[in-house]
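Protein chains in written order, with the numbering used here: chain W, 71 to 401; chain H, 22 to 360.
Read the hints as simulated data drawn from the structure, not as lab findings.
Remember, it's a predicted structure, so these values are computed and weren't measured experimentally.
There may be inaccurate statements among the hints.
Unchecked claim - In silico negatives: residues of chain H with every beta carbon more than 12 Å from chain W:
no., residue
1, Ile93
2, Leu214
3, Arg232
4, Pro293
5, Val304
6, Gln346
What the hints assert, rightly or not - Derived DSS-like pairs (lysine-lysine); straight-line CA-CA distance at most 27 Å:
no., chain 1, residue 1, chain 2, residue 2
7, W, Lys271, H, Lys294
8, H, Lys294, W, Lys334
9, H, Lys155, W, Lys334
Every residue, glycine too, gets a C-beta built ideally from N, C-alpha and C.
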Amino acid sequence: MKAAPLLSVENLTVRFPGATNWYGRVTSQVHAVNNVDLCVLPGESLGIVGESGCGKSTLVQAVIGLVGLTSGRVLVDGHDFAGANGTLKRDLRQKMQIVFQDPQSSLDPRLPVWRLITEPLHIRGGMPTAALRARAEELAISVGLRSDQLDRLPHEFSGGQRQRIAIARALSTDPELLILDEPTSALDVSVQAQIINLLLKLQRELGLSYLFISHDVSLVRHFCDRVAVMYLGQIVETGTAEAVFDDPAHPYTRTLLASVPSLKNSLLDVDASLTGELPNNRRLPAGCYYRERCGSAVPGCELPQALLTVRKAGAEKASPHQARCHLHIPA
Amino acid sequence: MTAHSVQRPHALSIENLSLEFPTYAGAIKALDGVTIKVGNAEIVGLVGESGCGKSVSTMAATRLLPEGRYKITQGSIRLFGRDPMAMDEEELQQVRGKLVSTIFQEPMNALNPTIRIGQQLVSVIRRHEALGRKAAEAVAVNILADMLIPEPARIMQAYPFELSGGMRQRVLIAMAFSCNPGLIIADEPTTALDVTVQAAILRLIQGRARRTGTSVVFISHNIAVVSQICDRLYIMYAGRIVESGPTRAVLDRPQHPYTRALLRCLPERVRPKEPLESIPGTVPNLLDPPPGCFYRPRCPEADTRCMEKPHETALPGGQAVSCWQRAGHPSLPSSEVPS
Ligand SMILES: Nc1ncnc2c1ncn2[C@@H]1O[C@H](COP(=O)(O)OP(=O)(O)OP(=O)(O)O)[C@@H](O)[C@H]1O
Ligand SMILES: Nc1ncnc2c1ncn2[C@@H]1O[C@H](COP(=O)(O)OP(=O)(O)O)[C@@H](O)[C@H]1O
Ligand code: SF4
Ligand code: SF4
Ligand SMILES: [Mg+2]
Ligand SMILES: [Mg+2]
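Start from the sequences, fold in the hints, and give me the full structure.
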């Protein structure tokens, strides 16, 4: 039996006003997220990869309510999150916490570590200072900090330690889902390894789910059970990490994977002309969003593309491998 | 080296350079005996974790460090045979524009936000070449096209904020190449960019450098990125070069324990969900580095000899390593790291 998703996103669209005319009326829109469906099951990690500006951060910010939804739904534990109010809203919100890329700017420089870690609990209220401090110590130790560091200020810590503080803080409300938006991109590889190991350990111990955004494809492959590849606000391919990375079906995913610098090959065998940039998202293309960069385009690509199941076998039933490209209609 | 290299000086030669930043808390020993040689038309990578001295090495060479705030305590620098420390401001401007160009990580800071791209390119070109406005514009459009920038004529009219980060970085690379410098210093030029754009930019830098015989110092904290385009690598740790050699040799037969650890931290060589190898501890405080080998507090192979600073051992095949464990073994076989 398939577990009920902790998070499901249904047909989510986010638009921002792009430009306004003299009268303040919106004349163009930024199509940041376009009809995204995804779900995260308890205890699993879903990775989102895609190039800068493709809508990854907007997507997760819409999920936790930092950005308004234009249409679609976000369900947390089966409850409509955007529509929820009062204590339900608060309870649902606390099931999800977000950790940002830059540990420098996401922590108030004037607060000591223990206050930073327990700030979400403090905001929630109802906990005396002594209890907050005790909880801070527990959390600090669980992320590999020492209790004698609790009174220090964030600037006394290295980038990796600051990210540990940010993770401890995110864990303070006992969330079930951590949204990790490029959590290690600002860190050195040896420190990245420590943080990734910490996140994997926390997941084993606490059964956490992760929604993990990264542009580092090899890291996503290492860390995630399933992945969604985004392009121009759309999911263009999804499936188990293994299926998508070992046997990419969408031409964009293939280009993306071919661009990943690897220690194995020292020559880039990517056609540089394919490694262009995202088209303007003010006016979405009529057909396949990837068409102007796609080396495999054929007649039929000028039509809108749906996510099609690439193959559906045994263990993959729960998470079919799908690609948004008509060249992958199963025979 | 050979007589040949005596006639044609290295594009960049940093010899046993030690450099400190005096601060109220003491001297930050940013570089300690760094030697880096960049031959003509050679693409050399400088790799190491943040703060290890990659930028300081090259900024010292181009005199971009804040004047009066640092002290060179030993060693020398030559840019095409000339000593940048002995140059006056006018010479420096000449050298920076004509001989050496630097590409930095954050493309926004390097462009004037209020001036159109085309105008900025044209003024850089005209500063170094006696061209009329029209001719310089034609050169600019060509260089933009060379950088695979679509619709270069339109981009000439754009302001920096209208371009994506990847596009701005291409403009800066175009600008760096625009006066045909002999040496390009690319300091983490792709760190802020997507892999697809990064792949394109690495190709552009490599292709253009090879075509024009430009030397490149490519700085990155990402060993996989530098390995894509560099002929040789220098691995830095805490202000020292710990290993150097031809790219393939360093990747396939890393000799220094730090280089090995750096390679094993990467998820590429580990089974999914398995813990990644991480390096215990942290980099030393450059105000008060430990005696002997700076890697000793974190090194699994350390022994009593390591209380003294290891000297560099040259290995066959052009590799060199500063580690006591390798001092007596000039031809250590391939490491446990599979290639
Ligand atoms: N507040 C906003 N107003 C207008 N446009 C926005 C806003 N926030 C994001 N966008 C646009 O929405 C699109 C998606 O942006 P988003 O930040 O989600 O991308 P991303 O995939 O997270 O990129 P990165 O990898 O660079 O973090 C981009 O075109 C961006 O410029
Ligand atoms: N202007 C400066 N004043 C004091 N210390 C500096 C200055 N510039 C760099 N440093 C120090 O020198 C060391 C090397 O820095 P840098 O070369 O920028 O490292 P990276 O390898 O990340 O490029 C670091 O410890 C850094 O803090
Ligand atoms: S639908 Fe056509 S243009 Fe789009 S990815 Fe597939 S082949 Fe390429
Ligand atoms: S010299 Fe000693 S401490 Fe330094 S890297 Fe070699 S074995 Fe390790
Ligand atoms: Mg983002
Ligand atoms: Mg630097």
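Verification of the hints:
1. Ile93: 27 Å, holds
2. Leu214: 7 Å, violated
3. Arg232: 14 Å, holds
4. Pro293: At roughly 5 Å from the nearest Cβ of chain W, proline 293/H sits no farther out than 12 Å, so the non-interface label is violated.
5. Val304: Non-interface label on valine 304/H violated, nearest chain W Cβ at 8 Å vs cutoff 12 Å.
6. Gln346: 20 Å, holds
7. Lys271/W to Lys294/H: With a Cα-Cα distance of about 10 Å, the restraint between lysine 271/W and lysine 294/H holds, given a limit of 27 Å.
8. Lys294/H to Lys334/W: 21 Å, holds
9. Lys155/H to Lys334/W: 46 Å, violated
In this structure, the hints that do not hold are numbers 2, 4, 5, 9, in rising order.
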